[in-house]
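Asks: Read off the chains here:
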Amino acid sequence: MRRLASLAVLLLLAALPARAEEVVLGLSQSNVSITTDFDGSDILIFGAVKREVAIQSDPPLQVIVTVEGPLEPVTVWRKARKLGIWVNAEAVEIDSAPGFYAVATSAPWSESISAVEDLRHKVSIPRAIRSVGAPMDIMDSEAFTEALIRVREHQGLYRVEEESVELQESTLFDTSISMPANISEGRYLTRVFLTRAGKVVSVHESEIQVGKVGLERWLFTLSRQMPLAYGLLSLAIAALAGWGASALFRAIRSG
Amino acid sequence: MQIYLPIAEVSVNVFLLFGLGGMVGVLSGMFGVGGGFLITPLLFFLGIPPAVAVATGANQIVASSISGVLAHFKRKTVDLRMGLVLLAGGLIGAALGVWIFNLLKGLGQVDLLVRLCYVVFLGIIGGLMFVESVNAIFKSRKGAAPKRRHHGWVHGLPFKMRFRTSGLYISAIPPMLVGLSVGVLSAIMGVGGGFIMVPAMIYLLGMPTKVVVGTSLFQIIFVTAFTTLLHATTNYTVDIMLALVLILGGVIGAQIGTAFGTRLKAEQLRIALASLVLLVCGKLALDLFITPAELYELVAG
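Protein chains in written order, with numbering that gives the first Met the number 0: chain B, 0 to 254; chain L, 0 to 300.
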């Protein structure tokens with residue numbers, strides 16, 4: 000194990016001087032605000048490749064952009080028919096899965112990154128999910144991870160957009176990542192990988208802050224930090240609306 | 000126009016929500032029911048998480064019940080003493096219901112519990128109402144007088160109390176139990192429980208029909224308020240934004256419904272309501288029996 004670790008360090012050191020190409024990133028926005036009329040958001044990610052050497056065209060430079068939402072544990076339930084009705088029967092706990100994950104590439108996936116590099120940098124969706132173990136009685140735990148990806152892809156939370164990164168002159172790149180309305184709050188990690196022949200030559204990381212603002216923020220915080228006050232507030236609004244409506248309509252009728 | 004609900008964490012069309020509240024309000028005004036038993040399942044169909052739908056449904060009922068009970072106080076058709084006994088049972092029931100709700104939430108079965116409760120109760124109530132109103136139509140054609148039921152066993156129990164407004168001298172145990180079971184339902188299903196309580200008060204307790212609706216509304220206000228608070232403090236699932244839109248639609252709809260209701264015949268009205276209840280019940284039941292398109296479900300945590 001120790002030998003492996005030292006080998007890794009050596010490799011890393013060896014790789015450093017070769018980093019002739021680097022990313023200069025300019026996000027269109029560093030935060031996404033969830034407001035009352037929030038209905039999803041498109042974030043534009045663009046940047047340039049800084050290099051000290053002449054542009055090398057073979058193998059061509061490719062760009063991969065990933066946006067990863069906060070990691071959370073998730074329980075995946077599988078339904079089974081019991082007494083004629085479908086009930087949640089088996090569960091697998093996934094230790095950590097991003098609430099949102101988008102990958103955009105400049106070339107078809109197979110030309111963008113090799114399987115080894117994907118494994119090392121955790122670029123593709125299955126690599127971004129960490130699942131340590133399933134209960135003993137569940138033999139097909141991969142089916143649960145696949146289901147997690149399928150459900151979240153269906154909800155627009157996980158997306159793979161091949162060939163959606165525009166790369167000009169091997170230098171300027173831009174892409175747009177769309178987030179649905181049901182995203183969760185937190186820090187979103189944005190990574191830009193430069194690859195050649197499936198090998199990662201440079202990585203650049205930055206963050207996007209996604210959060211509720213204004214009234215949404217205030218209500219959410221109140222409901223978590225002072226739940227009793229929040230409950231009483233909702234009752235007060237209900238009482239006022241109920242009383243107000245009957246008073247108003249009485250006034251209309253008599254008036 | 001989309002509105003983002005801060006607790007449900009989904010974005011829905013505000014006019015759709017408003018219309019839903021309004022439509023249920025019209026029905027509640029026409030039929031004199033709270034409408035919680037329709038709002039909560041309709042919110043499921045809109046994609047609101049069931050836990051949020053149940054808790055917010057309870058909050059919405061507080062508003063519609065207050066609106067209704069004020070008129071009854073004016074007409075002096077609220078039996079406060081009976082209301083308080085029912086309420087005592089109701090609060091215990093609501094606490095019990097929220098406890099069961101949270102227990103099953105931990106087991107990942109809360110969706111099933113809520114849906115099953117709806118299928119069973121909507122099926123029973125819709126079926127009974129349908130049969131009864133069809134019978135009533137036939138009887139009214141024949142011109143027979145409705146029979147009054149007797150309720151001998153209720154009089155044999157201890158802890159007797161006098162309820163002046165209802166003109167009753169009965170044991171406090173049956174009303175407590177009625178209140179308790181309605182409280183449990185309120186917490187699990189996000190309903191007021193009027194559709195269960197009203198028949199129980201008439202047939203089981205033998206209360207005069209004119210005080211039944213006012214008294215049940217009185218009890219429902221406090222039980223649903225208590226349920227709302229319990230859900231808000233233990234599950235954080237009450238969505239004020241959602242409740243507000245539903246309430247606004249609901250109170251306006253209720254006034255329109257009341258005006259409509261006076262022009263229609265009672266039996267036809269009840270058959271219409273029964274069919275609607277059975278329709279919602281059928282849709283929920285189908286979802287339980289038909290093989291789902293997605294066999295897997297995600298639960299955070």
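Honestly, the hints are just simulated from the structure, not real lab data. This structure is a prediction, so every number in the text was calculated from the model and none was measured. Every residue gets a Cβ at the ideal spot worked out from N, C-alpha and C, and that includes glycine. It is possible that part of the hints are untrue.
Lysine-lysine pairs mimicking BS3-like chemistry, simulated, CA-CA at most 30 Å apart [what the hints assert, rightly or not]:
1) L:LYS282 / B:LYS78
2) B:LYS198 / B:LYS49
3) B:LYS78 / L:LYS159
What follows is a set of in silico ranges between Cβ atoms, one per label pair, in the way DEER data are often shown [what the hints assert, rightly or not]:
4) B:GLU165 / L:ALA94: 57 to 65 Å
5) B:ALA88 / L:ILE91: 18 to 26 Å
6) L:ILE201 / B:ALA88: 38 to 46 Å
7) B:ARG223 / L:PHE14: 43 to 51 Å
8) B:VAL212 / L:GLY166: 52 to 60 Å
9) L:LEU102 / B:LEU227: 15 to 23 Å
10) B:LYS49 / L:LEU102: 42 to 50 Å
Asks: Take the hints in turn and mark each one as holding or not.
Replies: Now for the hints, and whether the structure bears them out:
1. A distance of roughly 19 Å separates the Cα atoms of L:LYS282 and B:LYS78; the hinted pair therefore holds under the 30 Å criterion.
2. At most 30 Å may separate the alpha-carbon atoms for a hinted pair to count; B:LYS198 and B:LYS49 meet this at roughly 18 Å.
3. Taking the CA atoms of B:LYS78 and L:LYS159, the gap is near 50 Å; set against the 30 Å cutoff, the hint is violated.
4. Distance hint for B:GLU165 and L:ALA94: a CB-CB separation of about 59 Å, consistent with the stated range 57 to 65 Å.
5. B:ALA88 and L:ILE91 have their C-beta atoms about 33 Å apart, which leaves the hinted 18 to 26 Å range violated.
6. Here the CB-CB span from L:ILE201 to B:ALA88 is close to 42 Å, well matched to the stated 38 to 46 Å.
7. Checked against the hint of 43 to 51 Å, the C-beta distance between B:ARG223 and L:PHE14 comes to roughly 29 Å, which is inconsistent with it.
8. Between B:VAL212 and L:GLY166, the C-beta spacing of about 58 Å keeps the proposed range 52 to 60 Å intact.
9. L:LEU102 and B:LEU227 have their C-beta atoms about 22 Å apart, which keeps the hinted 15 to 23 Å range intact.
10. Range check, B:LYS49 to L:LEU102: about 58 Å between beta-carbon atoms, so the 42 to 50 Å window is missed.
Checked against the numbered hints above, the structure breaks hints 3, 5, 7 and 10 and satisfies the rest.
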